[in-house]
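S.K.: Note that the protein sequences, when read in sequence, are chains A and B. Heads up, the first sequence is in the numbering used here, so the first residue is 1 and it goes up one at a time. Heads up, the second sequence is in the numbering used here, so the first residue is 288 and it goes up one at a time.
If you are wondering where the hints come from, they were derived from the structure by calculation, not from laboratory data. A portion of the hints provided could be inaccurate.
[What the hints assert, rightly or not] Output of the computed footprint for chain A on chain B, the stretches with three or more beta carbons under 8 Å from beta carbons of chain A: (1) 407 to 413; (2) 419 to 426; (3) 492 to 505; (4) 543 to 554; (5) 584 to 597.
Glycine residues also receive a C-beta, built at the ideal position from the N, C-alpha and C atoms.
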Amino acid sequence: MDWVNIILQGVLIGGLYAMFAAGLSLIFGVMRLVNIAHGDLIVLAAYLALVVTDAFGLNPLASLIIVVPLMAIIGYALQRLVLNRTLGADLLPPLLVTFGLSIIIQNALLEIFTADSRKLQAGSIEIDSIQLGHGLAIGTLPLIQFIVAVALIAGLQVLFYRTAFGRALRATSDDPEIARVVGTDNRHVFALAMALSLAVVAIAGVFLAVRANFDPASGPARLIFGFEAVIIGGLGSLWGTLAGGVILGVAQAIGAQINPGWQVLAGHIAFLAVLALRPEGLFPKVQ
Amino acid sequence: MGAPFRVEHATWSSRIGLALFTVLVLALVAAPYWADRQQLRLLAEIFSYIVLASLWNLLAGYAGLVSVGQQAYVGLGAYVLFALTILAGMHPLIAIPLAGLAGAVIAVPVALLMFRLRGHYFAIGTWVVAEVFRLLASQISALGGGSGTSLPVSVVISIAPGRQMREFVIYWLALTLVFAVLALIALLLRSRYGLALTAIRDNEPAARATGINVRRIKFAVYVVVALGTAMVGALIFLQKLRVSPNTAFSVNDWTAFVIFITVIGGIGRIEGPIIGTIIFFVLRQSFADLGSIYLLMLGAVAIAVMLIAPKGVWGFFADRFGWQMFPLARHVVPLGPSNMAQAELQS
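All chains should be built: construct the whole structure from the sequences, respecting the hints.
M.R.: Following this line, the structure appears as structure tokens:
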């Protein structure tokens, strides 16, 4: 029964990893850009939520009303003012610029909030749980988090394949030149995609902040978890990303059970194993 | 009868460059006679960064392999050095090349795996590898686990009995390494492999179309760079006398700074990392007291350079004035009848 419990907790954490991954995967899909600062933006969102909850005395989950639009605006501006200028055939500029951005965000957060680790308090919801019998229990908060992750992936799926905006995103992804010819403003579409990505990042950041301690240096690890979920799941597949997050979460939970020092390592090993055995990921998008 | 032209590498600026370079070499070899302890340590550190940045430049600037995980090999080199000297009782000066060898051997499976990731994902993949190495290193209890370990006195005095001589030896090792790596890169770039690498840098599909085996060359560059990086890592931590997973596999120290150096100096040119390292150390000596603000500035400068002058400081000047420090460029010189006889004598 212990193992069932461990795997269940791993699955629930996987929802959070899928949220980290969804924003990353979206940007890569639309403009072939890997945002090295992705993890630091998640942590930035966590700090924004901290400021908002402190200032207005809101519940962390309610702070989403402010943090999500704020991050989306940051995303739009970032893409319009900086990242659009780096896009092109050369892979180097966007990579190095987002890398520089990562260092800037980390050190700015360090300067403002110090290196102390912080956490958001969500009240009794944090310790509530649902009894499943046979000694199994699910925490209410991890469950909410997982449901939000599933809803988020489903929402993105609908947005991508059922709306005009999704069509514009897919068109610029498939062929930016032709998309421009038929009247799409690529720079605007890219900026909207980044806004959407950072809106997802905001949700991920708030859930991260409620679930665990965070500090200005916790960004890179979130980037790596998100990236691993993307690759395990298979590029270009949103549901695959959710599966990738779940596999990563379960691998980490099992690793932690064997030896606390192996939690993160077990996740990396799962990632490397998938890369070695099925480099296209477990659930690649069917072309 | 040869073709009516020959290919020259040198230009007037590269000849001046080489002459200045020779003077500089002599001054640096003699540094223990004119520099104090602190200056020597600083110089050795500057050399280490020139080597790290030059190797990263070869990897990212020429072969197009943008790795943000080279700290994997710095740390690996350091840990192999500590393991060989502490656990196997080996002399540190023999352990340094062996650390390089270990880096190359490990790089082979890593490259096979990482080359499956394309473009930007390769970058994060290499970071994961570095994290795996860091987590594994913190599991080695014989080397202090997560908190690391120091070199025992017996190993330290085996380099040289006196402290002063020990510092000289480490300084000269760093100097040797920087010249060896720069000379090897210069020779490599002058060879036909260098021509292939330059072609890959300028236009990968076109390079492939002319029959260059791009994958094989990238693979070779990755392994050679790992070898060099692991040797520098071993040397850096031999000077520090202490290793821990977080310092040896630090992404800030061994990758972020190295990337800034290369980008600011000029990526894709052999001079870039040297100029970048000088700028980096001038900035560090002047502003490092500002702590995180200084790092923030560094990030902003790198972004500004990438947006405004993507070829960096050296690229900016080299393009305008045709400067080069090393005789690497290829100039086709048409031959008159008298020149032609000379060219044939030379060939």
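S.K.: All hints are to be evaluated individually against the structure, with a verdict given for each.
M.R.: Checked hints:
Residues of the stretch 407 to 413 of chain B lying with their CB closer than 8 Å to a CB of chain A number 5, which satisfies the three-residue condition for coverage. Check on the stretch 419 to 426 of chain B: 5 of its residues sit with their Cβ under 8 Å from a Cβ of chain A, so the three-residue criterion for coverage holds. Figure legend: the stretch 492 to 505 of chain B, annotated as covered by chain A; annotation inconsistent (0 residues with Cβ-Cβ distances under 8 Å, at least 3 required). Evaluation of the coverage hint for the stretch 543 to 554 of chain B: fulfilled, as 5 residues show C-beta separations to chain A shorter than 8 Å, against a requirement of three.
For the stretch 584 to 597 of chain B, the assignment as covered by chain A holds, since 8 residues bring a beta-carbon within under 8 Å of that chain's beta-carbons and 3 suffice.
Violated hints amount to a single one, hint 3; each of the other numbered hints is respected by the structure.
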